[in-house]
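S.K.: With the hints in hand, could you dock these two chains into one complex?
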Amino acid sequence: MTTLPVEPLPAPAPAPDAASPTPHAPQAGWRILRGVNAGDRLYRAALTALALALPLLLLALLAELVASAWPALTRFGGRFLWTSVWDPVAGVFGAAPMIFGTLASSLLALVIAVPLALGVAIYLTEFAPKWLRQPVAFLVELLAAIPSVVYGLWGIFVLIPFLRTYVVPPLRAVVGWTPFFDGVFYGNSLLAGAMILAIMIVPYIAAVSREVLVAVPSSQREAAVGMGATRWEAVWTAVVPYGRAGLIGAVILGLGRALGETMAVTMVIGNRHDIGLSVLQPAYTMAAALANEFSEATTDLYLSALFEVGLILFVITVVVNACARLLIWRVARGTAVGSRAL
Amino acid sequence: MTARRLRRRVVSTLMTGLVGVLSFLAVLALVLILGNLIAKGASSLDWSFFTRNPVPAGEAGGGVANAIVGTVIVVGLAALIGLPVGIGTGLYLAEYGSGRLGWIVRFVADVLNGTPSIVVGIFAWTWLVKPMGHFSAFAGSVALAVLMIPMLARTTEEMVRLVPHSLREAALALGYPRWRTSLRVVARTALAGIVTGSLVGIARIAGETAPLLFTALGNLNFSTSVTQPMQTLSLQIYTYATGPFAEWHRLAWAAALVLMGLVLLLSLAARWAVRSRHGAPPAPPAPPAR
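Sequence lines, in order, name chains A and B.
Mapping of the first sequence onto my numbering: position 70 corresponds to residue 70, and the numbering continues sequentially without gaps.
For my numbering, add 1000 to where a residue sits in the second sequence, where the first one is 1.
Hint data in this document are derived by calculation from the structure and do not stem from the laboratory.
Just to be clear, a hint being listed does not mean it is correct.
Said to hold, decoys possible - Covered, in the sense of this in silico footprint (three residues per stretch, anywhere, with C-beta under 8 angstroms from a C-beta of chain A), are these stretches of chain B:
id, region
1, 1105 to 1114
2, 1168 to 1181
3, 1233 to 1242
4, 1255 to 1265
Said to hold, decoys possible - Have a look at the derived ranges for each label pair, beta carbon to beta carbon:
id, chain 1, residue 1, chain 2, residue 2, range
5, B, H1165, A, R164, 55 to 61 angstroms
6, B, A1039, A, A67, 44 to 50 angstroms
7, A, A60, B, S1043, 42 to 48 angstroms
8, B, S1043, A, G77, 52 to 58 angstroms
9, B, H1165, A, S219, 24 to 30 angstroms
10, B, L1028, A, E222, 31 to 37 angstroms
11, B, S1166, A, G228, 41 to 47 angstroms
12, A, D87, B, W1272, 52 to 58 angstroms
13, B, T1242, A, Q134, 33 to 39 angstroms
14, A, A67, B, L1032, 42 to 48 angstroms
15, B, R1008, A, R164, 41 to 47 angstroms
16, B, R1004, A, G226, 15 to 21 angstroms
The model shown is predicted, which means the values in this text are computed figures rather than measured ones.
In this text, a Cβ means the ideal position worked out from N, Cα and C, and glycines have one as well.
Here chain B stands alone, though its shape is the one from the complex (with noise of 0.2 angstroms):
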């Protein structure tokens, strides 16, 4: 019996060291890539890497002005398109998504999210690069857009919702009608919520790639055109990386550190919009009633 239970102690403790080893492993992977991301890309970050367009194959020096220019371009005008989607998806799913096309939005919106983004940039292909006939930072501007709604949908619904129902009452005792009460008392409560949401899609959407290969295409040149072909960070590191120069993966390398740094920014200040508002990052929803 002793024995037994001897046993069962140390599975226990065996089992608990285990799942802790574990996270260590999970997070140590994040620690080395950063720290490789740093160790690697650090020394290439000058002036002229900030200032500079890319020289041709071969020579050394340049920088990646007009990708980080780029980048700017086409995932602002992307957020342009995507912000008022998302979000008014959002609403409409708080607000009036308890009936049938509300279950339908929602799980259109969660399937959507799990779409590959080379799909969409194939998409986005057919219906704008082609019919422009070239390519254009416009067209991959819609593909990311299309990317950041359904995940912007679901945060601004979430947010939207764990606003009391209580304020939402008051607003309509007092005879506001309820579009007011929904924009002025019970959106701006979750602002806070929605604008955290909105930092995180503005995130993942900087990063993406695979959307921009046949839309953006890359441009060696400085351009600030929407109607043109644009080269942003993702599409610059995929083009040094797989390239054969030493100078290209140097600058390959400090590239992804700007974008990483751009990621990181947005994602802490998600964090922060949340934190500034209730002093405490949110706890996760309550477990519904069961």
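Chain A on its own, in the form it takes in the complex (with noise of 0.2 angstroms):
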């Protein structure tokens, strides 16, 4: 008799010699050294799985704006973009306005929310004492934690009457003849929505604007204060100029911020479709007319048109978005500055 063939027993643990590149060596030792096992690749999978989902949903929000707005882009083509008449029942649609309104909202509410932010994010990260750095910052994140329907409830009930008691009549005795102060001030109106908008989008601004500060290196400020500088010469001529990109950066993450807000504006903005020059005049905007129309579209024209606004609006906060993170990334490439902010 003869012994029967034994199976070789695996190498019971990765010794040294499973390195000799032996054709025959069992490769379970690299394996491991080399972090390729079963649960690896099952831990690896997974979370690419989960990862993709992002950029296909991307995907898919595109894909289905276009596809419901199909109708509308087809039959109206360009004139959407720049006619306005908007007329359900007649089945005719243009969304100047909306347009229109969205970004005159938005960049007046820039003016006023960059040099605040601005000012608080270098206040914070060069003038204030250390011990009031952080719950300052933290004040003024906590702008951002508040809800928007909240922004609009206080918008209508104090914003509003303090604009029309304290703010409007003195800035009319002084600017009233401009197109941009004419008309009655009933309350909602472009500037209660700029000024709401303002509010919310500070803390973004700021945020990310501080973190851009805290990244610029502090031998800058001591070349510049060691040549001469005052403290803020120093700062508005060494710190600022390095930050520039990531403080573009900033501005425009706060304008994407904007232009997609939805409740606090509708709310306080007026929602009339049309055309005005005057900050005192209702106004609307393109997410004001998804909320308030949505649900209330009647004829299948009429929701295409809908969906063609909110794909307007989504390319447009996109690409805004996507050149703020550019700008952002140029001067903390790869981290996730201002990321918690958002």
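M.R.: Spelled out as structure tokens, the structure:
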């Protein structure tokens, strides 16, 4: 009788000789070292699948918006962008007033918010006493935690009465002759919308700007002060220019926020489908149109027109956000600067 | 020469003062809003406000019990959907995100972070409400989850990246496979940060209204069925604030105070989660080497 051939036992441990390049040596040792085993492969595959959800979501969003907006897109073409008639009964749609209102309210909000937010960021990184920095930064960031609808409520019952009593009369007395402050002030207006938006985007711009300014090497400040600059001159000539790209990114990020903001603006801007130069008059935004009219759209064409509004809004915000991201990444490559604030 | 020097010093002092005043204004805005919420809302917070459902328009009294329960359900379900995907994406970005796909995912997350929530709302309407044939709390939760995932992914990534490399190397050297290293050593070390990110994410979606307008829709009655329309605090505030009755406005302020309290509680819990672990709020991530 001959002994039965026994399967050689696999090496019990990844001994050092597993490293020798003999073709018959079990590769298990290397596999462990390279981190390739079933568990790892599964783990990586699962994480990759989860991570793919986001790009797929973006594609799905875009595809769905385009598909649903298609009837309006083909029917109105470019006229949708620059005509002002919005008549659901006649089936004629032109979104120019909403696009104008969205841009006007957001840009006006930036004019108010940017000095405020940059001031906060500069004060907190350069001038504030150490013990004050964290609390103030936290309080300003809390502004971002206030829900949009609460801003709207506050806008209706506090901000608008305040504007009516204390801001608009003196404003009209001084600059009432310009077309920008024309007409009767009823409360709900472009100005109220822009003010609310400004307060809402301050925390975003301030938080990202602060992180950008913190990332500026202190050698910049030291060099400027060493050459005889005052503290403000050091900040304004050496620190701010150094972080310029990131600061512009922060502002554009705030713009993106303002463009897409819905509830607060809907509640105070007046929702009038018209283009007017006066900031005291009601206006309309794309987001407000969606909030007000989407559930009331009775015809397919009406619904499709609203989807096109959503598509335009989406594309604008994606482009704006992409620009902001690229600028901020240039300053702080690969880190998630500002993502916490978002 | 001295005049010029004086001018420079005056400018410096003035600008320092100006940025200080601007910071004060920003904090003042917060104080004003919170102060108004308390002044106008606190007096309406009584037992019936929390335990009763809304009464028909024009009648006095009533509460928002249905909206409070609805908020918890809609937001809780959104967290159930959003947390695994968001945290998983964040882990992917931190562990395997150095390649091209990582760049794309990171970029898409940042871009989606700024997507108007109303657009996500109409997206959820087309994909869930329209096929199902009716509004539902579930559709609202999905919309909120979509809003939450990008932010959560980026915070998780940031937190996981803060874990020292030596810890990972030590685990690998002991023969731990990568996946266990990632989950049991790296992710666990970053847990406090991930919990913080999750709480901040939940706080953010708890106040959202726009994506719920065409999904959860709102409901006058008490409902716990996720396949049916459901009321949330944010929707209730919108209805009451834009309505014509003084009684509604009173309830809107009270509901806003409750919602704000909920959001603040989550935000403070988020800070506490980090603090309890590290003894102090985390320093901002170190600037990258240039």
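S.K.: Of the numbered hints stated earlier in the document, which are not met by this structure?
M.R.: none
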